[in-house]
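2 protein chains.
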Amino acid sequence: MGINLSNLTKISGLTKPTGYSASEIKLALSSRQMKPSEVLEQCIANIDLYEKHVGAWASINTDSARELARELDDKNPSGALFGVPFGIKDNIDAFDMPTEYGTDMYLGYRPSRDAACVAGMRASNGIALGKTICTEFAHRHPGKTANPWNIEHTPGGSSSGSAAAVASGMVPIAIGTQTTGSVIRPAAYCGVIGYKPSYGDFNISGVLANTPSFDTLGFFANCVDDLVLVRKALLDESIPELKKLSLKGARVAIATKPFWEEACTSSQQMIEEAASVLKDAGAKVFALDDQGVFENLSEWNIEISGYEFARTLAHERRLAFHKLSEILRNGRMADGFRVAFSSYQAAKKNLELLRIKFDEVLKGVDFVICPSAQSAAPKGLESTGSADFNMAWTSLHCPVISLPVAQEKDTALPLGLQVVGTRYSDDRLIKFAEAVFKCLTN
Amino acid sequence: MGINLSNLTKISGLTKPTGYSASEIKLALSSRQMKPSEVLEQCIANIDLYEKHVGAWASINTDSARELARELDDKNPSGALFGVPFGIKDNIDAFDMPTEYGTDMYLGYRPSRDAACVAGMRASNGIALGKTICTEFAHRHPGKTANPWNIEHTPGGSSSGSAAAVASGMVPIAIGTQTTGSVIRPAAYCGVIGYKPSYGDFNISGVLANTPSFDTLGFFANCVDDLVLVRKALLDESIPELKKLSLKGARVAIATKPFWEEACTSSQQMIEEAASVLKDAGAKVFALDDQGVFENLSEWNIEISGYEFARTLAHERRLAFHKLSEILRNGRMADGFRVAFSSYQAAKKNLELLRIKFDEVLKGVDFVICPSAQSAAPKGLESTGSADFNMAWTSLHCPVISLPVAQEKDTALPLGLQVVGTRYSDDRLIKFAEAVFKCLTN
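Chains as they are written, first to last, in the numbering used here: chain A, 1 to 442; chain B, 1 to 442.
If you're looking for bench data, these hints aren't it; they were derived computationally from the structure.
These numbers were taken from a predicted model, which means no experiment stands behind them.
Watch out, some of these pointers could steer you wrong.
[Stated by the list, open to error] A short, non-exhaustive set of chain B residues, derived as facing chain A with CB atoms under 7 Å:
#	residue
1	Y106
2	G108
3	A334
4	F337
5	A340
6	S343
7	Q345
Cβ coordinates follow ideal geometry from the N, Cα and C atoms, glycine included.
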């Protein structure tokens, strides 16, 4: 415990670059210590160094990024993301880049418009550097990306490239999406901050749908402060700056359900040690009493995900069924066609009430902690790992932040700890996450 | 009252064709009285006759529709929409047609994939005939479409072309979308059946977002049975067929709030006469006690619509602000930027609880009736009329069916009556709507 990942330098033969955070860039630019072009060149230098090993990118728009950076060089900083290069998961539209959804079917396809989030980041003077690899239609069939900490291990998915790009200092911020565990799991595997906001806070128009009832925009970053910047950029410039929060008296619930027994020894140990450190900092730490919320959750999640996903991909099913991966065809899509509309609808109604019940459950809790994934990134690139530890929070529409607070002894791979809050309390959760991160890594 | 619109023939110099319903087509095809090609040629004949007056279409794909129809000619009928030509509102993607969103900005733009609903209708062997005119980005700035009953009057919007195409027998079914009143109002103005399902029943991936919290797919048809066919096609083949339902003992609530006093005399009279006819049929008719649900509803609706719409169109705002219509720029978009994120979030939370409260309110009610719009279609094409009578039900996520049950004496224009049900009870509402329609028009 207590490992500050930014201090790590050489892991498994691959040097992990420090990588600027957007907040550091903001400071350096506003004090004129750096220019946007210099920031961008650092990112491009890291791409030149690591991309051949990591494979984080579907396409990179170096020329237009350089052009925009040069324009910004001469301007006074304005906008929450002024001069901050960012990556865009390749299931999200950008008008000036290809959008290929992690499949060969749409090679070179150009959408007509930016997704709301891309246009919003650009309107805040962020610099769109390229599209990052996502798994096939943001489901489970992997792309080319490897884990920057050990390229024989998966980076996780479906936001594989976004996590890996931030982890290797190629961009300080990358956009991802989460339908089950597609932000939090790769963030944990790649040792970066991952943020899955409350469902609906961020506009997802222009993002390829997977399961509309759960699809949520997410972000990868190198520091918690950066989450405030993306909220300012996309939600409201008046979102408050991060202020220090004491953990004294904070009510911290450890979620040992629904999948605790699946967590590896290192993950369980991480939580136990984190609990002890947080207690020392004055927090009240106790086991989460879920009051039955988790009982049927995964069943309902599977029905809804299957039903919606099968219909979202109706076009591909109709015209290119043989081009879909087997895991997609025979997994979620096949599951989806076994679900009757009446069961789907019942599951949605049940979940709506469960979310309100969970608001009540969390009334005596400031935040929940649990492992971000079962273990560190599994070996091999053929699977992106399990989302079991993420399913509940995504279904419940809760905000989640994954913090890279530990490193597995044997493999030297990072472990993530999830901090989970009540729906629609993201600004408060971000403050707690910052305090937890400082407390556990200093 | 009691006017069966299909008996009307000559209105204001424009002959209103009878137009097949999908259910009639199904019967004719399964009994081999007609072939799919013959059905299609009837639609094309009506387009040839009326399109120059009505302007319902953004693009028509006659050649590929004919080719598909010829293929179906030799096949045994299968699929809920076998051989049924349909129109697609031009804010919905189709891979083999342009998608222009009702604006010059995207002339000729070709999406890569079908929207989920288009692919689903095609998978049920429906024949996509073309894209129908929608207002600019499905907001208020009108397209070229005129009302088939009197071309000096608006067809309503934003699904202007879909309503007009069905009303003039160019297609038996057309897809639309509703964010406030964009299906129900044009259905009423154009004298056809309009169906705005429960929010979330139908997958809207591949549909241009307007206000994701309210955006709902909708349908226009010539008979209530056809709504069952589209539900079979897109939700589940096992959706039950329509069975006769008696209105004896049915609990019918008349909504005189929130906007009753805005309804024109004819609309008020229509509801009063409908109440009397339904009573004669054995229904219990009473005033809806909304228990305060309508109190802050429109305020919250405006905050959410504005906030989300402004962000959905972030790309156009950034790169083509001057090309947006004034009503869009200075209306909903400007409204949206005045809404703080905290107010937006509060409005969403309030509405979530209000929907659950409204479920309770409707426990003693089988369905609600009220006018579909303030009046018949207003004169002039520069405005698409008011959605005030639709805002509440859309915000509450309730299913709504507009029935063309009356005709204004002075103008000879149709009037629509809305039948509203509890969220997620669409199949039941469709049965009641059929009974109400028969009762009021026979």
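Consistency of the hints with the structure:
| no. | hint | verdict |
| --- | --- | --- |
| 1 | Y106 | 5 Å, holds |
| 2 | G108 | 10 Å, violated |
| 3 | A334 | 15 Å, violated |
| 4 | F337 | 10 Å, violated |
| 5 | A340 | 6 Å, holds |
| 6 | S343 | 10 Å, violated |
| 7 | Q345 | 6 Å, holds |
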